[in-house]
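Sequence order for the protein chains is H and Z.
For the first sequence, our numbering gives the first residue as 133, with consecutive numbering after it.
For the second sequence, our numbering gives the first residue as 3, with consecutive numbering after it.
Rather than coming from a laboratory, the hints here were simulated on the basis of the structure.
Treat the hints with caution; some may be incorrect.
[As the list claims (entries may be wrong)] Quick list of in silico lysine-lysine cross-link-like pairs, DSS-like style, CA-CA up to 30 Å: (1) K380(H) - K107(Z); (2) K144(Z) - K276(H); (3) K144(Z) - K380(H); (4) K77(Z) - K271(H); (5) K144(Z) - K271(H); (6) K429(H) - K157(H); (7) K173(H) - K77(Z); (8) K173(H) - K107(Z); (9) K219(Z) - K379(H); (10) K77(Z) - K379(H).
[To be verified] Here are a few chain H residues that face chain Z, going by a calculated C-beta distance under 8 Å: (11) L158; (12) I249; (13) S294; (14) T295; (15) E299; (16) M402.
Remember, it's a predicted structure, so these values are computed and weren't measured experimentally.
Positions of the beta carbon are idealized from the N, C-alpha and C atoms, including for glycine.
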Amino acid sequence: MRIGITVLSIISFVLSVAFITDYYKLEYAEYFPEPLYNFEKNPLTTEKVTLGQALFYDPILSEDNTISCSSCHSPYNAFAHTDHDLSHGIRDSIGTRNAPALFNLAWHESFMWDGAINHLDMQSLAPISHPGEMGETIKNVVEKLQYKAIYPPLFLKAFGDSTVTGEHVLKALAQFQLTLVSDGAKYDAVKRGEVTFSPQEANGYALFQKHCNSCHTEPLFTNGQFANNGLPVDTTLNDYGRWIITKKSEDSLLFKVPTLRNLSYTFPYMHDGRFRKIRHVLNHYTEGIHLTSTTAKQLKENLELTSNEKTDLVAFLLTLDDKNFVFDQKHQYPKAILN
Amino acid sequence: MRYIACHVFLLCVTYLSAQSSEFFINFQPTFEGEVVVYNEENRLEKDGDIQIETLKFYISNIELFNGDQLVFSEKDSYHLLDIESPESFSLDLNTPPKLSFTSIKFDVGVDSLTNVSGAFGGDLDPTNGMYWTWQSGYINFKLEGVATDCPARHNRFVYHIGGYEAPHRPLQTIELGIETDTEIAIEISMDKIFETINVAEQYHIMRPGEEALAFSKLFTSIFSISK
Chain H
133 MRIGITVLSI ISFVLSVAFI TDYYKLEYAE YFPEPLYNFE KNPLTTEKVT LGQALFYDPI
193 LSEDNTISCS SCHSPYNAFA HTDHDLSHGI RDSIGTRNAP ALFNLAWHES FMWDGAINHL
253 DMQSLAPISH PGEMGETIKN VVEKLQYKAI YPPLFLKAFG DSTVTGEHVL KALAQFQLTL
313 VSDGAKYDAV KRGEVTFSPQ EANGYALFQK HCNSCHTEPL FTNGQFANNG LPVDTTLNDY
373 GRWIITKKSE DSLLFKVPTL RNLSYTFPYM HDGRFRKIRH VLNHYTEGIH LTSTTAKQLK
433 ENLELTSNEK TDLVAFLLTL DDKNFVFDQK HQYPKAILN
Chain Z
3 MRYIACHVFL LCVTYLSAQS SEFFINFQPT FEGEVVVYNE ENRLEKDGDI QIETLKFYIS
63 NIELFNGDQL VFSEKDSYHL LDIESPESFS LDLNTPPKLS FTSIKFDVGV DSLTNVSGAF
123 GGDLDPTNGM YWTWQSGYIN FKLEGVATDC PARHNRFVYH IGGYEAPHRP LQTIELGIET
183 DTEIAIEISM DKIFETINVA EQYHIMRPGE EALAFSKLFT SIFSISK
């Protein structure tokens, strides 16, 4: 009797798994490292990604139903917020930091400029709850979604349960964001041996490897660590970065090293959006380094780059623009669901 | 079809697991020596200088020992106890039949691994209000209320104790000897907290750090088996 039941339960388990899952295969360049996100705990499926995409673009996540994730993370800006140095939330609140671009998140060790968030699943709680961003609570979001007709069926398809929960909202949002992979720039085509750099780009690449790669490490163009790259404090913001989280003096003014992919789409630059042009960033590294006890050792002195070298370096950085990613319809507003 | 399959599976699992006995634990917060009851005005029943409005905490990783030997450890052992839902203070463990044990061990809070492993449901769901939003991490223990001596706005004190990164890891393990194997009551003495914490001086703890760590050390003395 007992054996019979066990066998039956195993069969029905296998059946139920086979029916539910429509796995989504995450594609990325073969020279990318292994992702850090634990997909075993939240395996990608087409249904969950679709649900996450709807949530990402739906202003229902904000208190007054006016701001969605995409208000600050626009697909046409590689999911950053162009033109705004500081983020812009509900009732025209202005935040204290620049909205970063969102892609290759499966390779992030931590999130936010100061690493306040340790896991992509939990990241969405921050903007949802921030009074100046979406001003909501996850509890209310769950209730609102339960009563909006399109959602219970989407949750049912994705999680086999039409009851909306905080866990499922967060996991679906993470899933959509995990599918944002940028590996289709000219740099990548060169890596794959399909094209070659121009002499100018090649010279820029050499300069990049010499001066920048220790922090903005290939092929993701970030080492995922925190560093003080010599920016003087903006005294209207007094943002001490990583120190806010750890309260350790050696972390004062350290910010997470951002990726350099898609710079043409993600200006303005730095945690407070202080530079509008790549050229201004380079001028910072050659003339503007502000020395404090935590300034990175590679940047204790201004870098020496001639004007021509800067031009070459910019030419190389532009090979990291990934049009295929930025204009990929797949990641954009899900008209069919949200209309 | 898949839902039917799921249900058959669940039924089988329920059948197989129904073959165990149960061990009940009742947690009883006490204040001024009496068991506190949650009443309609959202307050713990007690007149006096301190009124507790929120008491919410995690009990996790429950284990039973016979002497030094581990005889039972609860699966997915995370319980949110909330004074606003008195039933959450009674836990039943699905122990195997005829199990003997002499002590119980549990943690107050949520372990570090769970803190860094993303979203969970049930008692760990972030809709329960026990997860910080501006910085990752569970709140292990929440105690809020009003005290005549508290100089804060509206005399409110707020203690949110949590953190998962060394050296400020306030997860505390409690170990208590027990004599029966069917039901126990565990007293949680609020008095012991207010004997040490002076609401007139320390009334806001809302982030991981030294203060939260020091507060959490009190947990090791507030739990005891009621006789």
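Structure-based check of all given hints:
no., hint, result
1, K380(H) - K107(Z), "violated (34 Å)"
2, K144(Z) - K276(H), "holds (26 Å)"
3, K144(Z) - K380(H), "holds (26 Å)"
4, K77(Z) - K271(H), "holds (27 Å)"
5, K144(Z) - K271(H), "holds (18 Å)"
6, K429(H) - K157(H), "violated (41 Å)"
7, K173(H) - K77(Z), "holds (17 Å)"
8, K173(H) - K107(Z), "holds (28 Å)"
9, K219(Z) - K379(H), "holds (22 Å)"
10, K77(Z) - K379(H), "violated (36 Å)"
11, L158, "violated (16 Å)"
12, I249, "holds (5 Å)"
13, S294, "violated (11 Å)"
14, T295, "violated (10 Å)"
15, E299, "holds (4 Å)"
16, M402, "violated (21 Å)"
Violated hints, listed in ascending order, are 1, 6, 10, 11, 13, 14 and 16; each of the other numbered hints is respected by the structure.
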